[in-house]
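Put together the whole structure using the sequences plus the hints.
There are 2 protein chains.
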Amino acid sequence: MLSNHFQNGVETVRHAWSRIPNSEESQFVDDAVGLVRKSDGSSVESLDYEVIENFAYREEQARRGKLYVSYLLVVKWLFALLIGIGTGLAAVFINLSVENFAGWKFSLTFSIIQKSYIAGFLLYALINLVLVFSSVYIVTQFAPAAAGSGIPEIKGYLNGVDIHGILLLRTLIGKIFGSIGSVGGGLALGKEGPLVHTGACIASLLGQGGSTKYHINSRWFQVFRSDRDRRDLVTCGCAAGVAAAFRAPVGGVLFALEEVTSWWRSQLMWRVFFTSAIVAVVVRTAMGWCKNGNCGHFGSGGFIIWDISDGQEDYSFAELLPMAIIGVIGGLLGALFNQLTLYISSWRRNHLHKKGSRIIEACLVSLLTSIISFCLPLLRECSPCPESDPTSGIECPRPPGMYGNYVNFFCSSDKEYNDLATIFFNTQDDAIRNLFSAKTIHEYSSQSLLTFLVMFYTLAVLTFGTAVPAGQFVPGIMIGSTYGRLVGMFVVKYYKKLNIEEGTYALLGAASFLGGSMRMTVSLCVIMVEITNNLKLLPLIMLVLLISKAVGDAFNEGLYEEQARLRGIPLLESRPKYEMRNMTAREACGSGRVISLPRVVKVSDVVSILRSNKHNGFPVIDHTRSGESLVIGLVLRSHLLVILQSKVDFQHSPLPSDPRGGDRSIRHDSHEFAKPVSSKGICIDDIHLSPDDLEMYIDLAPFLNPSPYIVPEDMSLTKVYNLFRQLGLRHLFVVPRPSRVLGLITRKDLMIEDTENVNTLELQSTSAFELEDLGFECVQE
Amino acid sequence: MLSNHFQNGVETVRHAWSRIPNSEESQFVDDAVGLVRKSDGSSVESLDYEVIENFAYREEQARRGKLYVSYLLVVKWLFALLIGIGTGLAAVFINLSVENFAGWKFSLTFSIIQKSYIAGFLLYALINLVLVFSSVYIVTQFAPAAAGSGIPEIKGYLNGVDIHGILLLRTLIGKIFGSIGSVGGGLALGKEGPLVHTGACIASLLGQGGSTKYHINSRWFQVFRSDRDRRDLVTCGCAAGVAAAFRAPVGGVLFALEEVTSWWRSQLMWRVFFTSAIVAVVVRTAMGWCKNGNCGHFGSGGFIIWDISDGQEDYSFAELLPMAIIGVIGGLLGALFNQLTLYISSWRRNHLHKKGSRIIEACLVSLLTSIISFCLPLLRECSPCPESDPTSGIECPRPPGMYGNYVNFFCSSDKEYNDLATIFFNTQDDAIRNLFSAKTIHEYSSQSLLTFLVMFYTLAVLTFGTAVPAGQFVPGIMIGSTYGRLVGMFVVKYYKKLNIEEGTYALLGAASFLGGSMRMTVSLCVIMVEITNNLKLLPLIMLVLLISKAVGDAFNEGLYEEQARLRGIPLLESRPKYEMRNMTAREACGSGRVISLPRVVKVSDVVSILRSNKHNGFPVIDHTRSGESLVIGLVLRSHLLVILQSKVDFQHSPLPSDPRGGDRSIRHDSHEFAKPVSSKGICIDDIHLSPDDLEMYIDLAPFLNPSPYIVPEDMSLTKVYNLFRQLGLRHLFVVPRPSRVLGLITRKDLMIEDTENVNTLELQSTSAFELEDLGFECVQE
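Quick mapping for you: the protein sequence lines, in order, are chains U and W.
Following this note's numbering, the numbering of the first sequence begins with 93 at its first residue and continues without gaps.
Following this note's numbering, the numbering of the second sequence begins with 93 at its first residue and continues without gaps.
Hints listed in this document are in silico derivations from the structure and should not be mistaken for laboratory results.
A couple of the hints might just be wrong.
Same chains, same names: a pair is fine if it fits in one copy or spans any two.
Cross-link-like lysine to aspartate or glutamate pairs, in silico, EDC-like; alpha carbons within 16 Å at most [what the hints assert, rightly or not]:
1. K168 <-> E720
2. K158 <-> E453
3. K588 <-> E411
4. K383 <-> D741
5. K840 <-> E679
6. K840 <-> E665
Since the structure is predicted, the reported quantities are computational estimates derived from the model, not experimental observations.
Right, here's the structure in full:
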């Protein structure tokens, strides 16, 4: 009956789904680990953060006054607000669902094992299986781009690579429901990475005004049509996701910043910060509401704040050695984790998924996880409860139906607890809370912790890359805090001091593993501080992170970089390669011929050029009256396709039309040229042209970007790289050395006084004097 | 006798000082508020963050292998370590001195006022006067660049403007001793801004290997000779200063980041973070050592951590309204503060300081401060002590010789305290701690707080711009927390709830005033959280900052921007002006003729060109065999001067020498061209050339930068601005449209695999396949 009911549910969902517009993603075919490949083989595309200053754009700019700038500002802040609220609500929804599913699962299992452990196990495994199946079914059938953590893809997007499908509505929905299933189903993965992806999706969809069909307001479309504006929104969304996942607003801002340092601006930072603050407020409000018992099993848990403010406040210098050892272990295990997951993902891609067995695989992993997490604690002998300390407020064993330490599981006496079950047969959040907990010295035996470490590490590696939304933060924290606590136990034993808390070492272990695996630095440090709510440990976390990142870097790249590479996302690192110092721009662009277009071009020529190659940008060459050739700009393939499709710009004459006069300019709005996010746009094969059309001409002058950035041919590639990455370019012209210099631009030329600010007029007269008197005379050229 | 002794001290200092090398700063003449103007009228100069790829540089690069890169990396981290240690020690020294001077001052005064209030006042005023005099004397006589907070200058440096004199050894020494005097002397200013400047100075001096004469190691000179590397070091120093001033390592990183977002890189972020962590450890170690009583009056105080963890943990929505009001007040008072200080500074510059009366002025301000802070509390009636609560640990009145709340000052009864004296007749750190303190509801009367607010605000405005090292953080916190506590008192009265703490409102007030005045956002928020050690207030601080910044922005620019403008430091904002969208590069560089040099130029021509204008960069034009002209690069004035001075490159023939062969290349090392920091380098008038020399020629080819960045003439100024600021350029060539395109550089061309990483070889083969298979086919051009 249950399965029938479930089947109906699936049908309903499928039905509902079919009404979601999917014209733009119909071409996707399911591929390997979270990778979406289009049927024509293409999967990623560069983004263009350069402003295309064509006639349409310039006219639009000219039409818009100061008022429009204010309007834009208001809309931007409004969007930041909406992204914050949306992401906050999504996070609350996911957490509520996961906590309720998991809480219901554990309380049901606990009530059944009072009678029969076998029946309990079967139920436990079944619930897990159903949840995981729902997740993998949603992901494989409807939203293939929702698999995995999504952070490598978002990182790629912010680096300037659009991976088709990652920011669609169906991906968002798949991500939300998929992660509820996979996390609720007890797999060794977390919901934090997916929340970052969720935030980015929400931001992108808001920027588009909903999905492609149901847009809210066509004015808004125009505002955020460029890749540049979308990138800002996605950055906000990304920070909001981190802020929601960890309740770490500052960490969220820093995370977004650390990943996308190539083009960060102060104003954006403040907006991102605002979004994060909104998320914090939304989450806090929802949790306040839930405290009154409105949310079922969603009590204190769910949102990770592992408060260790009861823990150790101070540290002695002698403790720095074991802490450094934790850092080294973290670096080693983290690097190993990256390498293992890389091999497994690549093996999976090459062997397993070609047989289309992703659903079965996920179900097998779920069964294995259920078996290990249920049966291993059974094999473990129970320990007697320690003498209870009424001031600590920790009961042993914990009362049934509650969360906390000292789980009584398969114990003969009432006054015993099973330390392995305390961490294994529990939700991950509770397990981490137990591992971090202070005042519970000697709760765990080193044997249990070692068993858990080995088994969970294996499970985490195996689970990585199954077709479900999967974050690596929580598993990382689990692994790290286990060996951290192990080290802490030895320190307690060896140093024989009273003020050492094993929980502190568990925290440092968690930081070290994440540092060794993800190689994030400042943001990770701040996130760790924010989730434990203890600022005093900051220098220790820094120390551990420094060591673990350095150790890890000696072996391989960070988890996200490795995965991005595996998925074919070409990330540009922030630093140019050393070899580039000895290469010139000319050498870099290789021997490939540049295909140029004349200013007025025959339609049939355009079509054949577009068919014959896959270039996305074409220089346009014109000739002056004296016959000299002149590069007048760059035209994009996508713009050519729009022109070919609309046909309104075709002309019979092979002579240039006067671009400034006539009605040319009003034929196209700049937003017509904007490409929808995460989709390929139109393709040359989709356009049908009659033989008459093919005989006509197009004057490209109004459509081209008249001033792409240029570099002289013998500039060193290091400088070219800096230019390309800092400005987020897509195309860069390599040109011969200029024959003359028309002018030199210096700082002075760019200090244009804003003369319209009336309220600082008095000041201006002062400062103008000062500038002339002191500054500019000497800045010189 | 005391004055005699002092006079001797001054002589000794003056003597010691004369031995500090000052060849580079001999030209300075003392000018207005912290501004150093050179005798020739120039005071600022653009920095050049572009790599000058001349022959010397290229050969150096070619000589250096992979090993050198590792060496560079080690040196960079070593420097980060040293900067951290140095700044930490400097901060400890300043704090120790200030706390001891102030502690000694107050304990002496308190012991004397037991007998005579008049004698007590005279002693108090005298000590203050002597301290302030020592500070202003040091600054005006030896280190004029040490006046003021130094943050606008450092901001300018990181923005790309070198203000002569700000990073010298004498400035560092003047800053350290000057701020001990000014803060110890009880003026309404803080030591935090100067500490940031101190950190930057330490970093820059380390990068130079000490001062110009006593360098540690000539190899190190070569490493950090470029403006680019120095900027990195100064960034580290700047963050270290903030970290030391507020014991806020994360805040320090964010402060450096927020001020210098134009060129931030991830790797630098991690190094900056490391420096901040080192500072935190150094400061913590020193404080641990001082806890044993080794440091005199330096007890718990000094380093600001106003721990309010006892305070209010939660807030209700009804409280958001008064908090928003605090934000508005902060914005208004902050903007007013900026405007008033601007008027006063500019008035001072134009009227007062022309008479050279800076020392007298500072002494008058000191006397006024002494009178107000001593006499106002005398006029205030004492209040009876509240019923003591033994659990809070707060005694009333506080025991003599201790710090804390409830100061008994001019009270008739022993069980009374003077609330105005508690905040006024106290060190600022203690006053702030008292204002922030929890569990002291009703300690202050609104009348006292209002009096204090008005008087202190006036004092802070008056003190701003005197010739002493002066930070605005602590005065800002004082002002803000006063009105914050006032609002808090009304909230306590009106809302009648028990869990509202006035101290929390004081904290929010402090945040709001700083936000309204300095307009920093994320970094300020994090600093506030770190100095109060309470993460839970983060959303509230954010809210208050958002409001106060928005309100303040409606009136004027931030304090540092206004001051930078006043001092003629041309900061490039992160955002191009709106008008730039409609301007082209050609229009921006104006009608000024570009002075070009031929490749082989006569020495007398060079001299006359250098004398006839003040340009700092000259395009070099060569002619091909066919007679076509060709821009072959840019030569800097400073390089020309080096060539003229050394004379080794003069040649008799007017024909180009073969640049690649011969011994030309070894005549100059690239570090010879490096300009010492904060100095002008040589001047054309310093160079003496014989008539024979003037008849010779120079081949400029080996010395020019062959590939400066170029822009086509009709590129919009917005794009030019982005290029210029993002890459930190100094010169940009505006050239005619190119005649042809030699190649297109796309993301693909820049993805060069690092083939020498042996340990990731296996991975590489995988990824190479993947990249070809999935990524690049479709990234297209």
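For each hint, the structure was consulted:
1. K168 <-> E720: Answer is neither; intra-copy 46 Å and inter-copy 51 Å both fail.
2. K158 <-> E453: neither (58 Å within a copy, 45 Å between copies)
3. K588 <-> E411: within (12 Å within a copy, 47 Å between copies)
4. K383 <-> D741: neither (63 Å within a copy, 81 Å between copies)
5. K840 <-> E679: between (35 Å within a copy, 13 Å between copies)
6. K840 <-> E665: between (32 Å within a copy, 13 Å between copies)
The structure does not agree with the numbered hints 1, 2 and 4 stated previously, though it agrees with the rest.
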